[in-house]
Amino acid sequence: MTGKVAIVTGGGRGIGRAVVTRLVADGYKVVTCGRSTRPDDLGYQVDWVLGNVAKADDAARIVEVAAALGPVALLVNNAGVQVEKTTRDSTDADWDLVIGANCRGVFNMCRAVLPGMETQGGAIVNIGSISGHVADPSMALYNASKAFVHGLTRSIAVDHGPNVRCNAVCPGWIMTEMAEDAFALASDPQAAMKDALARHPVGRMGTPEDIANIVAWLGSDQASYVSGVTFTVDGGMTAASPLNPGLF
Amino acid sequence: MILKGKTALVTGGRGGIGRAICARFLREGATVYAADLNEAGSLGAHDEDGTRFVRLDVTSEAAARSAMAQVGADEGKLDILVNAAGIEIEKTIEDTTLEEWNLSFAVNVTGTFLTSKYALPLMRAAAKSGNSASIINFGSYDGFIADPGLAAYCATKGAVHALTRAMACDHGPEGIRVNAICPGYIDTPMLQSFFTGDGSGAGGKPIGELQQAVRDVHPMRTYGTPDDIANLVNWLASDEARYASGQLWVLDGGLSAQVQQMRL
Numbered sequence: 180m181t182g183k184v185a186i187v188t189g190g191g192r193g194i195g196r197a198v199v200t201r202l203v204a205d206g207y208k209v210v211t212c213g214r215s216t217r218p219d220d221l222g223y224q225v226d227w228v229l230g231n232v233a234k235a236d237d238a239a240r241i242v243e244v245a246a247a248l249g250p251v252a253l254l255v256n257n258a259g260v261q262v263e264k265t266t267r268d269s270t271d272a273d274w275d276l277v278i279g280a281n282c283r284g285v286f287n288m289c290r291a292v293l294p295g296m297e298t299q300g301g302a303i304v305n306i307g308s309i310s311g312h313v314a315d316p317s318m319a320l321y322n323a324s325k326a327f328v329h330g331l332t333r334s335i336a337v338d339h340g341p342n343v344r345c346n347a348v349c350p351g352w353i354m355t356e357m358a359e360d361a362f363a364l365a366s367d368p369q370a371a372m373k374d375a376l377a378r379h380p381v382g383r384m385g386t387p388e389d390i391a392n393i394v395a396w397l398g399s400d401q402a403s404y405v406s407g408v409t410f411t412v413d414g415g416m417t418a419a420s421p422l423n424p425g426l427f
Numbered sequence: 051m052i053l054k055g056k057t058a059l060v061t062g063g064r065g066g067i068g069r070a071i072c073a074r075f076l077r078e079g080a081t082v083y084a085a086d087l088n089e090a091g092s093l094g095a096h097d098e099d100g101t102r103f104v105r106l107d108v109t110s111e112a113a114a115r116s117a118m119a120q121v122g123a124d125e126g127k128l129d130i131l132v133n134a135a136g137i138e139i140e141k142t143i144e145d146t147t148l149e150e151w152n153l154s155f156a157v158n159v160t161g162t163f164l165t166s167k168y169a170l171p172l173m174r175a176a177a178k179s180g181n182s183a184s185i186i187n188f189g190s191y192d193g194f195i196a197d198p199g200l201a202a203y204c205a206t207k208g209a210v211h212a213l214t215r216a217m218a219c220d221h222g223p224e225g226i227r228v229n230a231i232c233p234g235y236i237d238t239p240m241l242q243s244f245f246t247g248d249g250s251g252a253g254g255k256p257i258g259e260l261q262q263a264v265r266d267v268h269p270m271r272t273y274g275t276p277d278d279i280a281n282l283v284n285w286l287a288s289d290e291a292r293y294a295s296g297q298l299w300v301l302d303g304g305l306s307a308q309v310q311q312m313r314l
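So the protein lines, in turn, are chains X and G. Counting in my numbering, the first sequence runs from 180 upward without gaps. Counting in my numbering, the second sequence runs from 51 upward without gaps.
The hints are simulated quantities; they were obtained by calculation from the structure and are not laboratory data. Treat the hints with care, as some may be off.
To be verified - No more than 20 Å apart at the CA atoms, straight line, and that leaves these computed lysine to any residue pairs for SDA-like:
1) Lys255/G <-> Leu426/X
2) Lys208/X <-> Asp226/X
3) Lys178/G <-> Asp99/G
4) Lys141/G <-> Ala419/X
5) Lys141/G <-> Gly304/G
6) Lys373/X <-> Pro198/G
7) Lys141/G <-> Glu290/G
8) Lys183/X <-> Asp400/X
9) Lys54/G <-> Lys127/G
10) Lys141/G <-> Pro380/X
11) Lys373/X <-> Thr355/X
12) Lys264/X <-> Ala307/G
13) Lys255/G <-> Asn423/X
14) Lys373/X <-> Asp400/X
15) Lys208/X <-> Asp400/X
16) Lys183/X <-> Gln401/X
17) Lys264/X <-> Gln311/G
18) Lys54/G <-> Asp289/G
19) Lys141/G <-> Asp226/X
20) Lys141/G <-> Lys373/X
21) Lys141/G <-> Gly415/X
22) Lys373/X <-> Gly222/G
23) Lys141/G <-> Asp400/X
24) Lys141/G <-> Ala205/G
25) Lys54/G <-> Lys141/G
26) Lys141/G <-> Thr355/X
27) Lys264/X <-> Gln308/G
28) Lys373/X <-> Leu241/G
29) Lys264/X <-> Gly126/G
30) Lys264/X <-> Ala209/G
31) Lys54/G <-> Glu290/G
32) Lys255/G <-> Lys183/X
33) Lys264/X <-> Leu248/X
34) Lys127/G <-> Pro198/G
35) Lys167/G <-> Gly222/G
36) Lys255/G <-> Lys264/X
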């Protein structure tokens with residue numbers, strides 16, 4: 180697949196960075212973007228566009244940069260934000276931030292890339308979340324935004340086949356800097372980690388590379404009959420009841 | 051009295067949830083047959099409650115045929131069938147014997163199949179009145195997500211969910227609606243046995259402490275009562291639910307709406 184063009188939104192760090200690294204290794208020419216300046220440790224072969232996917236003009240510009248390199252074969256909508264609040268406590272600014280990035284951003288990118296992809300063929304992989312299926316407490320807008328991503332994924336698959344496939348990946352707990360901070364702040368970090376591990380049938384938390392693996396597969400020809408699905412990669416966590424008497 | 055004039059049969063009718071359903075059906079004006087292995091059922095001795103008792107081992111084809119013959123002779127029709135009889139083996143597949151596995155399927159799945167199979171002619175007769183007849187199966191939230199050490203139970207409930215949709219497709223044209231209730235933690239003898247049983251995770255903790263911990267994981271901060279289940283069964287049994295069929299009705303106080311809670 181050498182030379183195919185891929186766009187990964189939010190590839191500066193975390194899951195997005197792992198996806199960028201994997202796609203480069205797989206031979207893609209990768210364009211990524213973020214709201215801050217290019218990270219120093221980003222590989223030289225990766226193009227960085229300063230832009231906010233929540234803005235339609237920025238999204239169009241990101242797609243233009245990629246399309247100049249060749250037909251966009253893969254779009255990975257990874258950029259997202261979370262605000263840890265209930266519905267009652269969420270402000271208009273919170274709404275604009277979360278819905279802007281997680282919903283409008285995914286919509287903007289898909290809309291910008293679809294005209295080319297429908298003629299040239301390609302795949303879209305959206306990063307949804309287990310939180311779009313079941314609720315994390317005090318994450319109201321985030322949970323809802325991810326359910327939007329799942330719904331849009333199905334709509335694009337239905338409306339824009341056969342040349343475009345569209346799927347979503349639903350990560351569980353992935354150890355990114357954000358998650359590490361959360362554990363560090365726990366009253367008893369060791370006990371918190373032990374409890375968290377016990378809730379994962381595979382006996383470990385996820386890594387960004389675990390998500391990059393499934394994104395790469397969904398983008399590949401191995402997945403040429405896969406469209407409109409939301410695949411959960413969470414170490415088995417959501418297969419189990421939230422009520423686990425063994426952990427009381 | 052939204053079930054006035056209707057005839058109902060409830061399997062496991064003398065058990066925790068079954069008895070609450072029978073009591074509710076009676077209050078709503080139905081003629082109620084409580085079917086169970088014996089008159090006392092899993093709750094033990096009880097006062098005369100106005101139900102008609104039918105001896106029924108749901109795993110026996112002959113028993114199913116004879117129970118329905120009795121209802122047919124007395125009533126000539128059956129408007130409502132509730133397949134509430136069920137058992138739970140608290141083991142992983144490695145520890146489950148073939149006998150336990152087969153018994154789980156015999157009661158929870160085959161029982162639903164046999165009772166429904168022999169009820170169908172009476173239910174078609176009821177549907178001729180112009181009102182739909184209603185079958186309510188017992189699935190479980192465990193048919194969607196797993197509790198540890200409950201493998202055979204989870205598998206049987208998944209089977210009941212699929213069977214519910216299949217029956218709804220096949221018998222909808224005959225005026226028979228089929229739905230499943232999927233309870234979460236409900237205060238029944240089965241739940242109390244789960245709290246005290248080996249391998250349930252009680253780990254020697256006082257029951258009261260364990261029960262409180264279970265309540266605290268629920269968004270509603272309580273687990274359910276058999277009456278909570280009877281409320282929805284009653285609605286599904288009634289003509290209010292005339293357009294409801296083929297669905298799995300989760301009733302768990304919000305338990306399965308949430309992700310596992312990390313202790314941060």
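Going through the hints against the structure:
no., hint, verdict
1, Lys255/G <-> Leu426/X, "holds (12 Å)"
2, Lys208/X <-> Asp226/X, "holds (8 Å)"
3, Lys178/G <-> Asp99/G, "violated (30 Å)"
4, Lys141/G <-> Ala419/X, "holds (15 Å)"
5, Lys141/G <-> Gly304/G, "violated (25 Å)"
6, Lys373/X <-> Pro198/G, "holds (18 Å)"
7, Lys141/G <-> Glu290/G, "violated (40 Å)"
8, Lys183/X <-> Asp400/X, "holds (12 Å)"
9, Lys54/G <-> Lys127/G, "holds (14 Å)"
10, Lys141/G <-> Pro380/X, "holds (17 Å)"
11, Lys373/X <-> Thr355/X, "holds (17 Å)"
12, Lys264/X <-> Ala307/G, "holds (17 Å)"
13, Lys255/G <-> Asn423/X, "holds (14 Å)"
14, Lys373/X <-> Asp400/X, "violated (39 Å)"
15, Lys208/X <-> Asp400/X, "holds (17 Å)"
16, Lys183/X <-> Gln401/X, "holds (16 Å)"
17, Lys264/X <-> Gln311/G, "holds (16 Å)"
18, Lys54/G <-> Asp289/G, "holds (11 Å)"
19, Lys141/G <-> Asp226/X, "violated (54 Å)"
20, Lys141/G <-> Lys373/X, "violated (24 Å)"
21, Lys141/G <-> Gly415/X, "holds (19 Å)"
22, Lys373/X <-> Gly222/G, "violated (50 Å)"
23, Lys141/G <-> Asp400/X, "violated (42 Å)"
24, Lys141/G <-> Ala205/G, "holds (12 Å)"
25, Lys54/G <-> Lys141/G, "violated (43 Å)"
26, Lys141/G <-> Thr355/X, "violated (36 Å)"
27, Lys264/X <-> Gln308/G, "holds (15 Å)"
28, Lys373/X <-> Leu241/G, "violated (28 Å)"
29, Lys264/X <-> Gly126/G, "violated (58 Å)"
30, Lys264/X <-> Ala209/G, "violated (39 Å)"
31, Lys54/G <-> Glu290/G, "holds (13 Å)"
32, Lys255/G <-> Lys183/X, "violated (59 Å)"
33, Lys264/X <-> Leu248/X, "violated (41 Å)"
34, Lys127/G <-> Pro198/G, "violated (42 Å)"
35, Lys167/G <-> Gly222/G, "holds (14 Å)"
36, Lys255/G <-> Lys264/X, "violated (34 Å)"
When each numbered hint is compared with the structure, violations occur for hints 3, 5, 7, 14, 19, 20, 22, 23, 25, 26, 28, 29, 30, 32, 33, 34, 36.
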